[in-house]
Amino acid sequence: MDRFLFLTFDGLSTGAVYAAFALALVLIWRAARLVNFAQGAMAVATAYVGYAVVSVTGSYWLGLGAAVLAGLALGALVERVLMRFVGHANPLNDVIVALGLVLLIQAVLGIVFGNEYRPAAAPFDTDALTVGGIAAMSPYDLWVLGAVLVVVALLGLLFTRTPIGLRMRASAFAPEVSRLLGVNVGRMLTVGWALAAAVGALAGMLVVPTGLGLHPHAMDLVFVVAFTAAVVGGLDSPAGAVVGGLLVGLILSYVTGYLGPDTTPLAVLVLLLAVLLVRPGGLFSSVRARHV
Amino acid sequence: MTAILEVEALSSGYGPVPVLRDVTFSVPTGSIAAVLGANGAGKTTLLRTLSGLLRPTGGRVRYDGADLRGVRVEHLVRRGLAHVPEGRGIVAELTVEENLRLGGLWRRDRADARRAQDEVYQLFEPLARRRRHAGHQLSGGERQMLALGRALIARPRLLLLDEPSLGLAPRVTAQIMALLRRLCDSDGLTVLLVEQNVRSALSVADQGVVMSLGRVVTATPAAQLRDDVTLRHAYLGF
Amino acid sequence: MTATQPEVAPDPRPAAASPLRRLLPGPPGAAGPRGSTLLRHLVLAVLAGTAVVLLTNQLPPYQNLQVARVCAFLCVTAGYTVLVGLNGQLSLGHGALMATGAYTVALVQQGFEERAVQGRWILPLSLLLAAAVTAVAGLVIGLAAARLRGPYLAGVTLAVATLVPALTTIFTDLFNGEQGLRFPAETPPAFLGAYFQPERWLAWVALLAALLTMLLMANLVRSRFGRSLRAVRDDEVAARLAGIHVARNQVLAFVVSAACAGLGGGVYAVLTATVAPGKFSLDLSLFLLMAIVIGGLGSLAGAVWGAVLLVALQDLPSLITETFTLPSGLAQRLEGNLALAVFGLILIVVMLVAPGGLQGAARTLTARLRPGRPATRR
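Chains as they are written, first to last, in our numbering: chain A, 14 to 305; chain B, 347 to 584; chain C, 12 to 389.
One or more hints might be untrue.
[Unchecked claim] In silico DMTMM-like links for lysine to aspartate or glutamate, alpha-carbon gap of 25 Å or less:
#1 C:K290 with C:E124
#2 C:K290 with C:E189
#3 C:K290 with A:E129
#4 C:K290 with C:D184
#5 C:K290 with C:D326
#6 C:K290 with A:D275
[Unchecked claim] What follows is a list of derived Cβ distance ranges for each label pair:
#7 A:L296 with C:E189: 30 to 38 Å
#8 B:A355 with A:L171: 43 to 51 Å
#9 B:P362 with A:V283: 48 to 56 Å
#10 A:G100 with C:A56: 28 to 36 Å
#11 B:A355 with A:P293: 46 to 54 Å
#12 B:P567 with C:L376: 55 to 63 Å
The set of hints was computed from the structure by calculation and includes no laboratory data.
Computed from a predicted model, the values in this text were never measured in an experiment.
Think of the CB as a built atom: it goes at the ideal place given N, C-alpha and C, for glycine as much as any other residue.
Produce the complete structure using the sequences and hints provided.
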């Protein structure tokens, strides 16, 4: 029972990171109808920026801020100079361009920083606190969970309560109508990419200290798991992404804990296929509005 | 009377396929012009070209004395040109309230935008009752009201309307047509109306622009069109 | 799962591009009767084969190994481009499929070695089994793929490519984990003489596999099945209305493509007589994608371009580090990463500038030089 509780807390903490990352995927899917396969590589790039700032200034918080700012900039840049110019004659084109970006970013990181794992310090203790004799969450786990929840809440407010959120939702659902109503749809797309990449950057900063450290490929597996989480929740649903992320985090934590870490990759694949074949719209998909 | 919209030798189309050829007509300020014609005559393409959603391949459009070439679609509404696209262009995923707010977001005068929103709720009572409902929950008539009301929040001077009567009960259609007439007479609004429903369009229009296969066959006073049996038989089918 | 926008944009494609139009027989002379197409492909294959054999007689060992690697990759890219370019299914799992073929060859050859069975028939048998086993793997993925579209399919196959190498550590007893497997190296047959260059023999083996694959694919592309592949890619609904069983068509395309990848992976393993999971990482799948994109998606001639560039560009970093004197740290980092950067840039630039790839560009160019024969998208 103790072990079960421990695995549950652990699953929630890693699940929070998957949730943030899945949320970044959903943001771009809703804005541009494409899955950003470069999300993992972009997050790693911003984490390198973040930890470079940490090592220069010695402050984790400055590094975190730098990473998020770098995410905003990188997201906007990728949209403005690349994705905007991808032809849509073939729906595969933007996937292929994103994959090219993955190779490019990872190679550039390898050339500049080298392909060794670089240690990344956590701002809080990563050893679990024991509450009443039960190993519960570590302070770092609490920080991860809290940070993700705050970001999710802020994004929710942004989208439902602010004019720019309304503009972004409108241009995602009906770009042409939005243009006729005076919305600069192209700018909303850029903002959407920037926001998504910033959320991805945060997820990257949160996940790197829990793994082996910084590496150009550090987010490869995280991307696949987050994609699974986004599919579980339904690519169209931000709330679904968060729930999906937590759920996938829990499932993988139990699988790793009870069956061994080697089986985790297999579990991801089985989960992804099962969801796609049984409920392709995601577990939480509502019936989409039918248009006349 | 000056013309708020002047279309000269306009051509346009999708890719290499031309749809509009050499279209010329003008709409006097404060009047209603109805664009009529069979399916595929190019009526919707005409509206899409006028509002810049399609790039013209030739000719020009003058609105309020200025050439519209190179003006971005999203800036037209700021100049008082509103386009309600075909299929009741509302954002189905947003609520009624959000749709209306969206229509006034660009306005600097926040107070007047809010006032205009209240006026729309007064004008279309069903919308006031369904503020929190999503667009896809509305009936066809309510959607048309929402689309029209949202366009009115911009306080436009020229309204491009694509098939407002599509799928509506005749009574609702008549109400909408009467409203348009009233806005023209009282506020000086100009309307360019695309309609399949020739009878109801001609009942309020000042001018009829008859199109066939991408060309303007004739642009004449609506009354004359109502009486010209040959034209009606040849192009309008009644 | 495709989300429809409220406004249905009118189809901007000209009428000539409609799938039904393409199902009709082409203009006379464009493609002759079936028999002569087969014959023409055979003649082309024999000519190309002879040319490469003559070439290998002139080349030193390392270059011959390069030729062999090109041929191994060509088996994969030929089947891959048919799947992605002609059938519109973007698989990112072809690196993993190559691994399936490679490990099959290794296990079969090890099995015979342990039982001390020898014979020249072991190589063709193991390659055949590699293609067959991978075809079965392709059937499994293809069955799932037929229900998935666009980014979902790409995501699932990306997961396959990322996660499958981990299987080698889960089943360490069978696959020997990170270490991988070794098996007896392929040697030239005795009748070629005792001093025959082994790399030349490997190049011939790989060449034979590549020519067979190309011949099969070229005829498949021209066949009724090839036309139905394109019809499904262009418009599933129209294809269904034209009487094509879409799901079966997509699964079959995946199986054929997987068999090619398995054969190519098997040949690739034979070249070094080893297999290890590190060789079949996600990057390999992305390299293969680069190869078919740069050649031109759906073009078999483009698949040849792609395979050649894939091998040639991988040598680029060592060429640069040997030519210029660089600090050793930088040289080492370039060694591992420069090819990746170049491949990534190529993917991006080709998709933005010339989505038809080299072959598409060449076709447009020749069409411009010879008016009267319009450039057609295959």
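- Query: Among all the numbered hints in the text so far, which are the ones the structure does not match?
  - Reply: none
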